[in-house]
Amino acid sequence: MKGLIINEVLFALLEGLFIFLIFSSMVLDDRKTYLKEHKYKVLLFIGIYTFFSFWITLSFPTIYHSLILTIFTGIVLSVITKKGIVVSIMGFAIAAVLIIITELLIVNLLSILMNINISHVINEPSIKMKVSVLAKTVQMIIGILIFRSDIKPIIKYRQKVNNETLLNYSVLGIYMMSIFIASLNFIIHNPKDLIKYKILLFFVFIIYILFGIFDFQERIKLINIQQKYTLQIEYINNLETIISIIRKEKHDFFNHLNAIYAICALNKPDAVERIKKYINNLTNSLSISYRIFDTGNVYIDGLLLVKSNYAYESNINLDVENEAPLSLLDIKDNDLISIISNIIDNAFDSFTASEKKNNKAISLCTYIDNDEYIISIANNGPKIPENIISKIFENGFSTKKQKTERGFGLYIVKSIVKKYDGSIQVFSSDDETQFIIKFPLKGEYNG
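Final position of the sequence shown in our numbering is 1092; the numbers increase by one with none missing.
These are calculated hints, taken from the structure and not from any lab test.
Each residue gets a CB set at the ideal place from its N, CA and C atoms; glycine is no exception.
Keep in mind that the hints are not guaranteed to be accurate.
Unchecked claim - Here are the computed lysine-lysine pairs in the PhoX-like style, where the Cα-Cα straight-line distance is at most 25 angstroms: (1) K1028 / K1002; (2) K1028 / K866; (3) K681 / K801.
Unchecked claim - Just the calculated beta-carbon pair ranges, DEER-fashion: (4) N1040 / R919: 52 to 62 angstroms; (5) Q871 / N1004: 39 to 49 angstroms; (6) Y923 / S999: 26 to 36 angstroms; (7) N1040 / K1001: 25 to 35 angstroms; (8) A738 / S771: 29 to 39 angstroms; (9) K1063 / Y1012: 42 to 52 angstroms; (10) T782 / D975: 45 to 55 angstroms; (11) D990 / A738: 55 to 65 angstroms.
Put together the whole structure using the sequences plus the hints.
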């Protein structure tokens, strides 16, 4: 029993570590960083490799061990490293070949030095144990040296589909179930090993569940990265819009300078007064059309700059009063943009549908009241009927005639507000429609 534990557990642990060292050197571009950032996955791989190799020793005839273990190890490596199954099997095959070569060399070398037959070296337990210890020691030295060297991966792989990890994980589940069913035929004829079989089977499925947890965590990280990427794209789009605005203003400045130059060239008695009046009107116009905001969130600042320019071109006064910075909120930037942009866009749309031509206004105010962060967005557009207010947050509801891809903005807003334990209310009268959004403050600012 002691020999079985050493051979099938301790040596399997070392073998699993050696396989990862060689595999990562052959396949992974930045293997040292991967080991540092995913050490728990590496430990999990070594553990599952050890248990599985022990399991198939009890459950299958020796003739099937290598094939079953090769395919299984390749699938597991593909799951933890997000590489293709074929590539992972190739990487494992290289490690397996190195294991075979080192063991054959050591066996032959000892048989020559000790002047004994190879069959005696293999069959004698005491000699076999010494050979195994020596072989694993040599393998670990080789594995560490290759891992720490500057050798570049020789197996190149380009991931073509984003959901390949899910595919690999599904293949792992199917393969394990197939092996489980196939092993029943062999374990039935050996009832004495049934308890060991059940225990090992339990561990294998526990490890499979752990892989599922790791996969879920990776997907959450991927979603967060995608959200940040989308946010950066939106921010870049806002910057491009700002640049377009500046270019337009630059063109207008040339026209204004030409006009001022023309007044000077005419040299009329009231030229100075005319220039003063012209510049005064120009300054007032620029202060309205081009504004800088400081809300405590750089993405919202860019968004409001774009919205304010659109409001100016549409003869709408956009007023922003920021008594409490948005940095007091524990809300993701992309969610905050969705809330504010959707409600402001809804206000713009309300003016499009109304007959109002003058004195159109939209206001955005932020403040703290009763330990709650308040975002108030109001407009003096047409009143929303009572029977409509109760429906505006429903998925797909819209009062617009063109409903294609419409009716989701306010539904998205309410969903996001609810996600952060907030609340949203709508008040509408003949004079004003107001959206009041309340959020809990960050812990350090509350109370």
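| request: Would you list, in rising numerical order, the hints stated earlier that this structure does not obey? | output: 2 and 9
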